[in-house]
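As you go down the protein sequences, you meet chains G and V in turn. Oh and the first sequence: position 268 is 268 in the numbering used here, straight run, nothing missing. Oh and the second sequence: position 190 is 190 in the numbering used here, straight run, nothing missing.
Just so you know, these hints were derived from the structure itself, not from any lab.
Short, incomplete list of chain V residues facing chain G, as computed with Cβ under 10 Å:
#1 Pro170
#2 Met255
#3 Asp260
#4 Glu359
#5 Val369
#6 Gly411
#7 Asn428
#8 Tyr429
Idealized CB from N, CA, C, for every residue including glycine.
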Amino acid sequence: MNQPIHGPHAHSSAQLGALMLQVMLALAPATLYSFWLYGWPAFNLWLLCLVSALFWEALFLALFHKPVGAHLKDGSATVTAWIMALCLPPWAPWWLAVVGTFLAIAIIKQIFGGLGQNVFNPAMAARVMLLIAFPVEMTTWIAPEAVAISPPDITSGLAITFQGLSALPDGYSGATLLDAVKNQSAQGDPVSATLSHLDYRPTDAIIGLRGGSLGESTSALLLLGGLYLLWRRVITWQAPLGLLLGAAVPAAGLSLAAPESYPGGVFHLLAGGLMLAAFFIVTDPVTAPITARGRFVFGLGCGLLTWLIRTFGNYPEGVAFAVMLMNSTVPLIDRYIKPRIYGRTRKGDPLPITEGRTS
Amino acid sequence: MFSPRLRGGVHPPGHKELSNASPIRRFPLAERLYLPLQQHLGAPATPIVKVGERVRKGQLVASSQGTVSAPVHAPTSGVVRALAEHTAPHPSGLPVLAITLEPDGREEWDPSLAPVSDPLALPPEELCLRVGSAGIVGLGGATFPAAVKLGSSLKRGVDTLILNGGECEPYLTCDDRLMQEEPESIIRGALLMQHAVQARRVIVGIEDNKPHALAAIRKAAEGQGVEVRSVPSRYPMGSQKQLVQLLTGIELPAMSRAADSGVLMHNVATARAVYQALCQGRPLISRVVTLSGQALTHQGNWEVPLGTPASYLINYASGFDCAPARLIMGGPMMGIQLPDLNVPVIKGTSGILALTRKEINTDEPGPCVRCAGCVRACPMGLQPLEMAANIRNGDFEKARSLGLDDCVGCGACSYICPASLPLVHLFNYAKGELASRQREARKMEKTRALAQRREERLVRQAREREELMAARRAAAARKAAGEEGPS
Chain G
1 MNQPIHGPHA
11 HSSAQLGALM
21 LQVMLALAPA
31 TLYSFWLYGW
41 PAFNLWLLCL
51 VSALFWEALF
61 LALFHKPVGA
71 HLKDGSATVT
81 AWIMALCLPP
91 WAPWWLAVVG
101 TFLAIAIIKQ
111 IFGGLGQNVF
121 NPAMAARVML
131 LIAFPVEMTT
141 WIAPEAVAIS
151 PPDITSGLAI
161 TFQGLSALPD
171 GYSGATLLDA
181 VKNQSAQGDP
191 VSATLSHLDY
201 RPTDAIIGLR
211 GGSLGESTSA
221 LLLLGGLYLL
231 WRRVITWQAP
241 LGLLLGAAVP
251 AAGLSLAAPE
261 SYPGGVFHLL
271 AGGLMLAAFF
281 IVTDPVTAPI
291 TARGRFVFGL
301 GCGLLTWLIR
311 TFGNYPEGVA
321 FAVMLMNSTV
331 PLIDRYIKPR
341 IYGRTRKGDP
351 LPITEGRTS
Chain V
1 MFSPRLRGGV
11 HPPGHKELSN
21 ASPIRRFPLA
31 ERLYLPLQQH
41 LGAPATPIVK
51 VGERVRKGQL
61 VASSQGTVSA
71 PVHAPTSGVV
81 RALAEHTAPH
91 PSGLPVLAIT
101 LEPDGREEWD
111 PSLAPVSDPL
121 ALPPEELCLR
131 VGSAGIVGLG
141 GATFPAAVKL
151 GSSLKRGVDT
161 LILNGGECEP
171 YLTCDDRLMQ
181 EEPESIIRGA
191 LLMQHAVQAR
201 RVIVGIEDNK
211 PHALAAIRKA
221 AEGQGVEVRS
231 VPSRYPMGSQ
241 KQLVQLLTGI
251 ELPAMSRAAD
261 SGVLMHNVAT
271 ARAVYQALCQ
281 GRPLISRVVT
291 LSGQALTHQG
301 NWEVPLGTPA
311 SYLINYASGF
321 DCAPARLIMG
331 GPMMGIQLPD
341 LNVPVIKGTS
351 GILALTRKEI
361 NTDEPGPCVR
371 CAGCVRACPM
381 GLQPLEMAAN
391 IRNGDFEKAR
401 SLGLDDCVGC
411 GACSYICPAS
421 LPLVHLFNYA
431 KGELASRQRE
441 ARKMEKTRAL
451 AQRREERLVR
461 QAREREELMA
471 ARRAAAARKA
481 AGEEGPS
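Looking at chain G on its own, in the form it has when it is part of the complex:
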């Protein structure tokens, strides 16, 4: 006698692999644009991240006696590696990619129990570890204008990737906007002077002509990918909106009070990894709350912490720290923010019976 199978016998076409494929599709425009901006070394780095992540994933799946093939096919490691690549400096050396994906896949994900069990967002936690362990390599930014003038060919691209900073030609490196504002503000320069000195226009941030991590420079294409995911219902809007509001509203408020000391909301929205985080990081279901309201609170917390760290902390960029901190509050959020059960009060008691003689 066969084991009886419970309903439902019908099933939606939703599959994890298909969802992951959609995420990759959404990441593709921003990634391709970054390849064009930063040339071969960026492509090398991205490829290395993917290959090494799949290697670590396979190795640790095998170590934990899990079916390697089935889990490699679900695409979760690929997406983690992809996002990891987008969070690294564009010309980062090869070992940064390999160590980074080891931290993300092996330490953060597999050791915590594999897919669905990790507490922290693998890409963000790995980025934080790398930043603390290798501060120089993790803050060596490349100026896109310099790359546009003389892009490295395949051979010099490989040299940059595999020989590290020693092979980095002069004249390519630059600071990110957040770096510049933080440093100049520390010296007492007014924000407007710093920005005009840097020839800052918000449109530059939108089209990505500012130094930064591999994939965070093009806000417009990241937004496009995010809207695509929203349209395909791969992600929900609560966490992204929460994050954007959480960062923009306090920034706008403080900037209004002291415009020469603090940059405004639009600056913060377009700078650093905020757009990437909004649509591809705080929307990671594993490390986010499960309710709609919980996700909004989670996003809001991420945004607020990001702005606080950027404005008052020691680091110019705070997205990764903010996400990690909020990840650790997810069980708490899920405990206190729950949907109301049909026919019950928020406390869980049955609703009082009212005679149906309405109207």
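Given chain G, work out where chain V should sit, using these hints.
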């Protein structure tokens, strides 16, 4: 008045077009009919016929027993051939006691059956009794005895009678066709039920993916004081709690009956059965069954005598295009898997589906990534992923505290789950486990009480014996004293 939206829910592909254009056809008699004594929720019926006895069409062959039960009637005239166990339409495939009837083909009606000339003139209690003696149960699939529901609603006093024409399960079109072909019977049945429970108003709710049924019912309801409302197509719209809320705005409190909130809901097919019982003197001996699924050659709707084996139905009406990957009784969302085709059509058989591999989910369950699709899909506002995680860890009580008792088992969560987790399976398992634990605890309590009573009895007996002995000693002493006294 505000109109609340249905929370959660999913949009499974309807597949209604496979069978919704085919009119209901009468199904001929099979060589043998198997009438299980339990075709309803509650206590099984008691057989009142003997093997070898000749019965007529509509004759009572098994009477209801206890407060929640329903009688069984002969679907045709013929001879009782056996009173034995037969495969039940239940996923376990375990046998149930069934009456085997061999039709004689003469279709002779039981002469004692007679329609009521003016049922609306009968007292409501009498209507409830007649519905009960006609063996009518909820034909939507729940098979709760209709008279029990009517009787308790009459006692409690309900305001609104809701007729459920939702039919939100994919594939099924039996109610759709019935509403198109016999709208007058349905409306008249509804008015009878309204009288039986003395309801102030009647509302028919029909999903908007059935425009023909909606038009037919609207036409039949004209001037009858019956409100017909179109509701959005969204699974599980046909679930009582969801449809009641959408039509009346009343959110039925947890752990209460609909009647407590002044609402009674019945399926449209049940209303038609009530009409047939009272106005035609015809007890529940057949029902409309949707035959569908891509594995069949001809999908359609058939008015099938109860007890007809599913194999006979499929062989006669359709045949297979390919070997079905799964056989289902009911809809694909909440229907049950059939062990084989030997099972008979019973009162709750709204459909028999033969699905191909493509139509069912054959994916192996994967890890949960907390995507929360189930949380969004749950019409009850539960957190299926958390409940499932606790059940997997064996913590059933925690699952219950998260709302396991409120789960209606609609399957929206399993349907949407990208990891193909068997969520409903886990919930049913935990519900069963908790119920058996409760039974166990009650048994323990009983044993303890008995043991305690025995203890008390022993103490009492010892004390009584002691008292008796003391009395005897005292008597003996008195006697001895008396003997000495006079001297």
